[in-house]
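Engineer: Here is what each chain is made of, one letter per residue.
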Amino acid sequence: MNSSRLVTRIATIVLLGSMACAVATLHAIDRLGLQSQAQQTLYFRSPKTLRRMSLGFTGLLADIYWTRAVQYFGYQHNQMSDDFHLLAPLLQVTTELDPRLLPPYQLGANFLAPKPPNGAGSPDEALRLLQYGIAHNPDQWRLYYDLGFLYYTELKDYGKASEAFWAGARLPGTHQFMPVLAARMAQHAGEFETARMLWYTTYQSTNQPDIKYNAVQHLVALRVDEDVTRLEELVEKYREQTGHLPTSMSDLERAGFIRGKPADPNGKPYKLMSDGRIEVQDPSVLLYITKGLPPGKTARP
Amino acid sequence: MKSRIAFVAFNTFREAVRDRVLYNLIAFALLISAAAILVGEISIDVERLVVINLGLTAVSLFGVVIAIFIGIGLVSKEIDKKTLYTVLSRPVRRWEFVVGKFFGLTGTLVVNTFFMAIGVFLALLYVARHFEKADLPVLAALYFIVLEFFVVCALALFFSSFSTPIMSALFTFALFAVGSLSDELRGFARMATGLKGALMTVCAYVVPNFSAFNIINQAAHGDGVPGRLILYNTLYALLYSTIAISGAVLIFQRRNLK
Amino acid sequence: MAAIEILDLEKTYRIGFWHSRQKLALRPLRLTIEQGEVFGFLGPNGAGKTTTLKLLMGLVPPTAGTARILGMEIDDPRVKAQIGFLPEQPYFYDHLTARELLTYYAQLSGVPAKERSARVAAMLQQVGLVESAGVQLRKYSKGMLQRVGLAQAVLHNPKVVFLDEPMSGLDPMGRREVRELIQQLRSEGKTVFFSTHILSDAEALCDRVAVIHGGELQGVGAVAELTPQSQGKVEIIFCAPSVPAALTSMAIEARVSGDMVNAVIQQGQQEEVLDILHRERIRLISLTPVRSSLEEYYVEKLRPKESGKGAGA
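Those protein sequences? They're chains A, B and C, same order as listed.
Taking my numbering, the leading residue of the first sequence gets 1, the next gets one more, and so forth.
Taking my numbering, the leading residue of the second sequence gets 302, the next gets one more, and so forth.
Taking my numbering, the leading residue of the third sequence gets 560, the next gets one more, and so forth.
Here chain A stands alone, though its shape is the one from the complex (with noise of 0.2 Å):
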């Protein structure tokens, strides 16, 4: 082999292997640098100075921004970790950069709000990045919506719930739901219907792949409670008839009140227990449940 080729040979196999290497390398430093990036601090809360340290490019750093946003969420959530002290001010120093990027808010309206584990525990913070976002975007109804959505499930406020929802149902483009919902929360809360409503809502309206998957879990929640609550009536019934209470959820088909083994929407069959009380197979896969949970266990707050 002569010794041009030889250099070329050397050469190639050098430049391979350093690429193998280079790449594991750079997935090691990944894995440190999202260990730090969990205790990370904020360097530049002030949207001012970013802004001006962007020299004008406002809208490539409020995309930089909400993608630190989703991904801080993402990783704190995944770790279980209940510590959300950071989303705030990213999705702050994200919509100042650009009120006009709505993703923010609805994350913001869907995560800020909760208790943890299931957000950061600031309704405030996000009261008033929506308030923020709609004075930027007032003909978007999904802020309404969101405004609305917050005002029921967090903040217990009936009556601005309503308000929210009946503005957002007069703007272009506005979901069906949005005059039912305003009329449901003027009557009254607490029904397994509206609040279906809510989360089918805004399980249609957003393609955030956190968001979808938040409401889906509260549907299935949903539904857990609303089978749960409506067996609990038949072994009742049952009981009323027979005088005695079913041992198990045969008793109750042969007596023709159900049709079937009645099952969770993961398809696990729910149990008849001794006393009664109907129970899921497994807590905690339906993270938001608040029946069918074995005594003194309470759901997720």
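Hints in this document: simulated from the structure, not taken from any laboratory.
Accuracy of the hints is not assured; some may be wrong.
Listed next, with one range per pair, are the computed distances between beta-carbon atoms [claimed, not checked]:
#	chain 1	residue 1	chain 2	residue 2	range
1	C	Gly687	B	Thr358	25 to 31 Å
2	B	Arg529	C	Ser700	58 to 64 Å
3	A	Gln204	B	Thr358	44 to 50 Å
Derived lysine-lysine pairs resembling DSS-like cross-links, with alpha carbons at most 27 Å apart [what the hints assert, rightly or not]:
#	chain 1	residue 1	chain 2	residue 2
4	C	Lys792	B	Lys559
5	C	Lys582	B	Lys559
6	C	Lys701	B	Lys383
7	C	Lys718	B	Lys303
8	B	Lys383	C	Lys698
9	B	Lys303	B	Lys383
10	A	Lys237	A	Lys160
11	A	Lys115	A	Lys237
12	A	Lys271	A	Lys237
13	B	Lys382	C	Lys701
14	B	Lys303	B	Lys378
15	A	Lys156	A	Lys212
16	A	Lys268	A	Lys291
17	A	Lys271	A	Lys291
18	B	Lys378	C	Lys701
19	B	Lys303	C	Lys673
20	A	Lys271	A	Lys156
21	B	Lys383	B	Lys559
22	B	Lys497	B	Lys382
23	B	Lys382	C	Lys698
24	A	Lys261	A	Lys271
25	A	Lys212	B	Lys497
26	C	Lys673	C	Lys701
27	A	Lys291	A	Lys115
28	A	Lys212	A	Lys237
29	A	Lys160	A	Lys115
30	C	Lys792	B	Lys383
31	A	Lys261	A	Lys237
32	A	Lys160	A	Lys271
33	A	Lys261	A	Lys291
34	B	Lys382	C	Lys582
35	B	Lys559	C	Lys673
36	A	Lys237	A	Lys291
37	C	Lys673	B	Lys434
38	B	Lys378	B	Lys559
39	B	Lys497	B	Lys378
40	A	Lys268	A	Lys237
Note that the Cβ used here is the ideal one computed from N, Cα and C, for glycine as well.
We have chain A already, so just place chains B and C on it with the hints.
Structural biologist: Same frame as chain A, but now just chains B and C:
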């Protein structure tokens, strides 16, 4: 072999010095002294922060500019001026020449950074009156900046092995800019799915990862630097430089020297 | 063992943005140069001389063929220690002084550290650059650079020296010095391969010459072999506004430029013509035998090609 690489490297260094590259140190000295004197007017506590942030950012930018503007000419200038003929007609292999050039340029930058680092520490001493343990991360940040120079030099050398100086400068600068945002790039890639996600992931890993080298802010706040980051960054810089230089060797090996 | 064996070396460049067009630079070339020879490589600009030298130096890879220097393949790293090369119109690192440059090249050529400074000093002495040895090359004249070039080519005491157009751009003094240097190399037993488009240099120095044109070898041999014997013509230059009537019948050709006449006559009529000039009180400027020998051969060989294909150097 080793000695020939060293001779080429030394000649490259000597050329840079005689072409008055180190004059940038004067500009740097003026900048850092002005900063040190002026921040005294602003407020207490922030002085350290400003001197470190400004100083290290300047060290990094000055160095990158030098690395790019000398690096792009390293090979193409020798071909244009035909100085290469009298070198390669001697017992110098082409790869030895490329590697020697790389070390010559990085050597220049290390010397340059050394003087700048002294400037930063003097300014720090001036505003803070004393050194403290929190100044140690500044050393780590400077070390990472030098690692960054290695990668930039290697890239400039790579492009210079087949492209005109202007195109090489453009390519290198573009990669530097994209590489500085590579964390965000990998973030975007993680969020994208399917073919787009795969393409972005490939991009994100091919582009040099300069963001891991940038710990200026952390250094300014006196945050500790994990030992493993130092290790990985060192490894990464060496590997990436090796990639770029092997690429340069592969291309240069076949090149017609017209 | 021959000093240089060129075995069907061939080069075609690919040009254009996509490397789609081909440009012929050298047709298969076969030449053997013995050790101790001074060999002239003749041809007009763009004939393929520089391409041949670059192929031999390994600066461009051949399209086909191979070559051996001192019995070793040209890509054998050991070859490089045995050869010296002066490129055409050399340009050196102008941030260095002559002494620094020669020291650098001595380092690269593997001259042992203890011999380096003595060797460099001797070379500076030989090419007459002792006084300006500490001056940066950017301040050197073209002639001085050529001397530096010669010095670097022979610095490491190579066995075979390649010189590409070593006399071009030099004043008469400089050319004489280069000639002397080549003579000296010959006397030291070294092989010299030099390219030139100047015939008189080749005639004066070479044991053998090769003529190349359009990337193709036209002929090779001793100068005497290639050139026919003297043609017995004399070129005569004298001061006169026009060709004197007495001369018109004798002149083979005559040209008037200003108040000078340039005429070519048969050698046998030389005395007669001088008599005429003397009688008419015309001042004689010069009288030289027409030494067209190699030139004649050269012109003869090249003429049919002039309008034909060209080739890059």
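Engineer: Please name the hints from earlier in the document that this structure breaks, with their numbers sorted from lowest to highest.
Structural biologist: The structure conflicts with hints 1, 4, 10, 11, 20, 22, 26, 28, 30, 32, 35, 37 and 39, although it agrees with all the remaining ones.
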